[in-house]
Amino acid sequence: MYMIQTVGLTKRFGSFTANDHIDLAIPEKEITCIVGENGAGKTTLMNMLYGLLEPTEGEIRIRGSQVKLRSPIDAIANGIGMVHQHFKLVPSLSVYENILLGAEITKKGGLIDRKEEIRKVEELIHNYHFELNPLDKVEDISVGSRQRVEILKMLYRNVDILILDEPTAVLTPQEANDLIDRLKDLKEKGKTIIVITHKLREVMEVSDSVVVIKRGKVVGSMRTKDTSEQELAQMMVGRDVMLTVENDRRKVSDGGVIYQAENLTTINSFGKECLKNVSFQVARGEILGIAGVEGNGQSELVKIISGLMEATAGRVMFDGEDVTNIWPDKLRQKGIGIIPEDRFAQGLCRTMTLTENAVAGYHTQKEVCRGGLMNTKVMRQRRDSQIERFDIRVGDLEGTVGALSGGNAQKIIVARELSAGPKLLIACQPTRGIDIGSIESIHRQLLEYRNQGNAVILISSELPEIMSLSDRVIVLYKGEVTGEVDPTKTDMMQIGLLMAGITDKEAAQ
Amino acid sequence: MQLMISILYDCVYHSAPIILAVLGGLFAYKANVLNIALEGMMLNGALFSVLTYYFTRNFAFALLVCLLTTLLYGLIFAFFGVTMKGNVIIVGLAINMMSTAVAGFILVMMKSSNIIIPEFDVNALKLNIPIIKDIPILGPILSGHPVLTYVSFLLIFLTSLLMYRTRFGVYVRVVGESEDAAKAIGLRVDLYKYAAILLGAVGCALAGMNLALDRLGLFTNSMVAARGFIALAAIYCGRGKPVQSSLYAILFGLSRSLAVNLSVYAGEASGLFDCFPYLLMIVVLGAASYVKYKNVKVRGFQV
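Respectively, the protein sequence lines represent chains A and B.
The first sequence begins at 1 in our numbering and counts up by one.
The second sequence begins at 1 in our numbering and counts up by one.
Some hints here could point you the wrong way.
Partial selection, computed: residues in chain A whose CB lies under 8 angstroms from chain B [to be verified]:
id	residue
1	71
2	92
3	101
4	106
5	271
Per label pair, the in silico range of CB-to-CB distance [stated by the list, open to error]:
id	chain 1	residue 1	chain 2	residue 2	range
6	B	34	A	371	39 to 45 angstroms
7	A	184	B	191	36 to 42 angstroms
8	A	123	B	289	40 to 46 angstroms
9	A	208	B	289	39 to 45 angstroms
10	B	89	A	376	34 to 40 angstroms
11	A	7	B	289	52 to 58 angstroms
12	B	84	A	231	48 to 54 angstroms
13	A	462	B	98	51 to 57 angstroms
14	B	89	A	478	50 to 56 angstroms
15	B	265	A	109	49 to 55 angstroms
16	B	84	A	7	36 to 42 angstroms
Simulated pairs of lysine-lysine, DSS-like, Cα-Cα distance not exceeding 25 angstroms [said to hold, decoys possible]:
id	chain 1	residue 1	chain 2	residue 2
17	B	292	A	272
18	A	272	B	241
19	B	292	A	478
20	B	241	A	115
21	A	137	B	292
No lab work stands behind these hints, which were simulated from the structure alone.
Glycine included, each C-beta is placed from N, C-alpha and C at the ideal position.
Hey, can you work out the whole structure from these sequences and the hints?
Next up, the structure:
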């Protein structure tokens, strides 16, 4: 029997078809993975199943009968629960308040019965063998714990279908393994589980069957045991793909240290130290990877070294000069290229044209701007050479950046920063949320740049990216460096331990 | 001693309308709606309470009309600011200008620069609380205020209860803090924003009535004198927490009371004392903002 079936389910946004006649059949008490590239339409599909979006056409059947889901409440009433990629929790409320949000237990007179609520949540945590303290505030707990809160929130509502959207994106490898065990356990308890992901290793590990979506259409549906990672990747992208880039790691030069950060420290807006004595060096011809679970200080570190945030203590030396706390325009003048964390918040201006974005950050250069007037001829030349050299697919040369896909927008930044010929490149999340083709291209660019004898600082939450590109990796945990590893001589699990704050010394004990 | 008692009595007296506006307004703050229309709503409460009483001589009726008309402003604000997703500053500004204009129009119709209720005995409205009124020093400070003044102080605790111990309060805070979380559990976000704004209107209506009818029995078009904005400042300084925000309201009440009582001794410079509450507002807001942002090390646009 099928738990969920969709028949010809279609969702259009204006002229864009996000989901095109999708026929799904999700078997009961199994784990089904839905895979596809970023932008393939996986999340749209799930949002329709959860009542957040209304289908343009087609129908949804749950346990064989047709339903109309107008809101998440309808979905929950039909036994469907969803754990979103970006958690829908209220940070200032406690774990138990979040779990019971919308289902509060009240005494006569309308006041909330805190004691009873805490007791119920403790019972729930105990029943499913989760590790959580119901009284902790959500803002104080780890990302992994927050995800457990989200799952419990759904389980409390007695759902028997659980949809998880990219659940391992923010977890350490250990936490991800733990989640996989939990999901298998829930399956044993009779739940039907749908996991949306693009991580194929996890698909193979966790699922009973798998559905591949490409450009809004189902392109494959099979039992997991009958397929392989390579085949799935090929289906997702539509051609053969290299799962990892080729990195010869030849020592290009031993040009010595070009960049040196010493004891960088800063505080967050609550006055708490979120970065503590972070020191590292980067040599010419080397990619230094900075790994860690999101929220452990990488974001602050990148902001400091790219001039967007002030360090309260510490020093940064670049090419023999002190560049601590200087602003981004000065950093670029000194020969540091910056690919910022959020491409549309800090890297590009969505509403401005490609031409303007092609010189953004370099607009004070004499060739670009003289006497306060921008030289559009030079700007156009730069735009065209960047587009050609980096193979950027652009519809309208005079159009805005907002019209580009994520991958092409990101390539504009990479092209702009590399064309300026920097001696060091800070690349933060250079391939987040973009298509595999663009990822491959950006990875190749980074390696080529390194092979020319330049230095790169690579910050990424995608561990495989860090492992395949970097020459050395440092790991951040709670704002401190927990260790440095050689990616050729270590494995994911070892880095995972460091990401969880467990250092060699502790592990040895 | 007498001056001290007088200052403290006036402090209670001047705090009450600000507290009422604060307690109403903080719901909108918690629901993440910036309601600068508190000022205009308060003026409307003052106008219609006095006007209705002028014609009917009936307190209950005055209260009813004052509430209903102010709620209407609340609905207008909510409709344009929430449903139509307009800019709440502009909508709020419009309401502030509109209520002044309505008041001006009515005053012109009545051919007077103010509405004074004839034979209105302000002292008759003052409630002397048995036992408390006989306590030395405290008695003359705490006793002898109009009903709404007592109500305002009681409401501080009721508002805390509503905000932190009921479903409604939790939902308002969730809507303000994380709209996504609210939508994910199927809360009707707009509904809670409406409710928060309308509660603000109720608070402002009571504040206006307390200010004009209860205390003075008269209305003039400039009588609110930025108390709505002072209430907003108190809400921001107290981060929307009922007790803290009310304490700021009392601080502003105290400054007003000091200005009134001390200006008696100032001779020709007495007018300068009227600046005191407003200067205090600037200083307190500046200090609150300094404390809030002193640890922000991120440059530029991000907070």
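Evaluated hints:
no.	hint	result
1	71	holds, 5 angstroms
2	92	holds, 6 angstroms
3	101	holds, 5 angstroms
4	106	holds, 7 angstroms
5	271	holds, 4 angstroms
6	B:34 <-> A:371: 39 to 45 angstroms	holds, 42 angstroms
7	A:184 <-> B:191: 36 to 42 angstroms	holds, 40 angstroms
8	A:123 <-> B:289: 40 to 46 angstroms	holds, 45 angstroms
9	A:208 <-> B:289: 39 to 45 angstroms	violated, 56 angstroms
10	B:89 <-> A:376: 34 to 40 angstroms	holds, 37 angstroms
11	A:7 <-> B:289: 52 to 58 angstroms	holds, 57 angstroms
12	B:84 <-> A:231: 48 to 54 angstroms	holds, 52 angstroms
13	A:462 <-> B:98: 51 to 57 angstroms	holds, 55 angstroms
14	B:89 <-> A:478: 50 to 56 angstroms	violated, 40 angstroms
15	B:265 <-> A:109: 49 to 55 angstroms	holds, 52 angstroms
16	B:84 <-> A:7: 36 to 42 angstroms	holds, 38 angstroms
17	B:292 <-> A:272	holds, 13 angstroms
18	A:272 <-> B:241	holds, 23 angstroms
19	B:292 <-> A:478	holds, 23 angstroms
20	B:241 <-> A:115	holds, 23 angstroms
21	A:137 <-> B:292	holds, 21 angstroms
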